[in-house]
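S.K.: Protein sequence lines correspond, in order, to chains A and B. Using the numbering used here, the first residue of the first sequence is number 1, and each one after it goes up by one. Using the numbering used here, the first residue of the second sequence is number 1, and each one after it goes up by one.
Hints were generated in silico from the structure; no laboratory data involved. Note that the coordinates shown come from a computational prediction; the quantities given were computed from them, not determined experimentally.
Pairs count within a copy or across copies, as identical chains cannot be separated in the list.
With a straight-line Cα cutoff of 16 angstroms, these simulated EDC-like cross-link-like pairs (lysine to aspartate or glutamate) come out:
(1) Lys-312 <-> Glu-76
(2) Lys-31 <-> Asp-164
(3) Lys-42 <-> Asp-164
Chain by chain, the residues run as shown.
There are 2 protein chains.
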Amino acid sequence: MKRTLFTLTLVFMASLLQAQSNYKKDSTQLKAIYNEALLNGKSYDWLDHLSNEIGGRLSGSLNAEKAVKYTKAELESLGLDKVWLQPVMVPKWTRGQKEYAYIETGPGQTSTTDICALGGSVPTPVSGIKAQLIEVTSLDQLATLGRDKIEGKIVFYNRPMQADLVNTFAAYGGCVDQRYAGAMEAAKYGAVAVVVRSMNLRSDDLPHTGSMTYGDTPANQRIPACAISTNGADYLSSALKILPSLYFYFKQSCRTFDDVLSHNVVGEITGSQYPNKYMVVGGHLDSWDLGDGSHDDGAGVVQSMEVLRLFKEIGYQPKHSIRVVLFMNEENGLRGGNKYAEEARLKNEKHVFALESDAGGFTPRGFSFDLDDENFKQVESWKPLFKPYLIHYFERGGSGADIGPLKEDGMVLAGLRPDSQRYFDHHHAANDTFDAVNKRELELGGASMASLVYLMDTYGTKTEMTVIKN
Amino acid sequence: MKRTLFTLTLVFMASLLQAQSNYKKDSTQLKAIYNEALLNGKSYDWLDHLSNEIGGRLSGSLNAEKAVKYTKAELESLGLDKVWLQPVMVPKWTRGQKEYAYIETGPGQTSTTDICALGGSVPTPVSGIKAQLIEVTSLDQLATLGRDKIEGKIVFYNRPMQADLVNTFAAYGGCVDQRYAGAMEAAKYGAVAVVVRSMNLRSDDLPHTGSMTYGDTPANQRIPACAISTNGADYLSSALKILPSLYFYFKQSCRTFDDVLSHNVVGEITGSQYPNKYMVVGGHLDSWDLGDGSHDDGAGVVQSMEVLRLFKEIGYQPKHSIRVVLFMNEENGLRGGNKYAEEARLKNEKHVFALESDAGGFTPRGFSFDLDDENFKQVESWKPLFKPYLIHYFERGGSGADIGPLKEDGMVLAGLRPDSQRYFDHHHAANDTFDAVNKRELELGGASMASLVYLMDTYGTKTEMTVIKN
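Just chain A, same shape as in the assembly (with noise of 0.2 angstroms):
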């Protein structure tokens, strides 16, 4: 009885002592990768680059071939294990020529207003479109206006991102809908085409684009959508407060061609004890057009890239077999997430862990999780590492649209989540630019990641540890 005591006593030290072991190793290490992320960072040359040197990069577009190339030839110079691009399908949809509107308030009296074609949208006639406005603030409204209400005019959606809710991604969640689907809504009741409030928290003169669905809308039945900035939407409503019969024009020259070849993006350094085990790293390197897509995504798209980076800097030799993944068509398609996804699957490629920059270059608060409750608690334990980075938001949720392909039971998935309150603002917009990143923030984000994936690697996510122990 004494001497199982004394055994047991001896187990419980020595595991006190190799968690304290641990600790120190494990914050010596990210130390090691916070500096010199923020002493010799490259992501902000890069994304520089990306921003300043190719431009907004919308799938199928030359600049986003440009950019293809650029980081294949700045992964190669890192020295990783292997770098290779993944050919996939991208659609191509084009702007053509500048948006122009105006609202109407009696011949000849017109005042011009700022929008942008959504993308995907089908073009106006040549001549534009002029038309009387219905304004909603809900997909739902329109059933109850009835296609009498509807028919022939032209919908406007403003219902605003609800300013109160601290998490901007989910006062964005709670209006996408308008955008996304309020085209293929408004067509039902005759509609001849949709302006939509841009999904912006700041009263501003800029629209803000983003993708747009038909769903099974026969073509000939399809009607031109447009967003309108925050100032000329609050404009349009205290206009048609006072006078509902105005008319609004618009006209646009967007077009979809066929799908082109693209490609996604990726390097490897290559596990030295599970190289059949893979870790993900990614963002997406295609983005709207409107700015550069300096914060979407170019900020994800870099910060992976130092990942690897840092990984080779400080010598750290990872066991799983660590991918950085540049995603293309994230945008207006996800058939690079896809792409990736199904091709780990035809090969057999356990993907054990993945993680997505997608949330703009700004200060990190942490992470979200999609995993279970045993991955949890590791990931919990994590914490106290994070601490001297201001790291803190450690929360189950939504991980990103490019990696969700790739799940799989008992797999963990992450999102970086950084600072939100200013994302909206820039977000599909022409002021998606460099000069909105900071080069400090965009660096504490990299790092952040490379130190997860750090602890992951070295840990195990616990759904391969208990195969591997079984």
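Position chain B relative to chain A; hints supplied.
M.R.: Using the frame of chain A, we list chain B on its own:
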């Protein structure tokens, strides 16, 4: 025995229920505060006026007096119990004409560089100063070099802020001795002037001003001091490596006048239960003159005003007297902070809590506290209430310069701690302007401050509660 146990259980249950009911009530109040701030906040409009209608507000300037008048009038419109001005004599230093500097690498071979006079510096002679440079990275280095190497030269202080410190205020603290004491120390070795690398983590062309001291250096031995931009400092340093004998020329016409009368602005909601116990919330009304002082400290001013507006608006009647104090002359003298504390002592006004916002209008992360263990325990117990607002930082540390003089045993001091990554990009420079402030980030700061004051008012500091019990 059984009865005692039963009674104890009852007491325990009752206190549990009380705690639950308090938590529910407090979280409802915090929600009301944050909602009002995000939906109907006034701070951003106030800041717009302070920044864009008034502008930079250096102590003793016309703009500073405009700001006193404006904020007093705005506080009066809030329906507080009292609003008044507290007279205080302040230094008056003016920058004069735009400064001018160049680097001369040979006869007629000059390149201009961006500088600004440090606050409180003496001017150069009208014709400027031209001399060779000696570059150093610390004050200590002066003694090592000795008078031989320094006499007749301009000392160029070029120790950069340490980029690997996540807390940028720590990086600032590690450098600012060069600006504050650089001229005083260099004069002891016969230097003719000093040029100081701007306290900025970013590479750009903006010189950052800030306060400096001559200590008890006799007037005729005071040498002029200016700041050079980080890009300018790097260029100068690399040029010196090639040509150590190059000349630096600069000219500035700044001037110190006699002290002038100015004011702290004070507003009060008188307490319902402890009218003679005071809780202060404040920021400083003066600012440097290069920008419009939006972050430093227009943000703190309007957030402090907002705290009292929020209380009025949600119908919260505080138990203690809550004062907003807009301090004059934090930047170059701290006369307002000292004056307020001095009068509080003269009038025997018992201050139990003070909270300052003077670290920028960025997303709030939490608070740093100057308090004893008992009070810190209480403050930490409030963390869960703040979690929905992503307020996570509750650490011991400094509070703020203006409330520091109020400190007495048992009193609780606190400082709002916003995200600090971008702060020194703007601090004391021409780009500390309104456009660098995000409305929501500013509003979240004011709501966080109001929430802390609400809790402190509701439960009292531990110190006063102990006194009341005894």
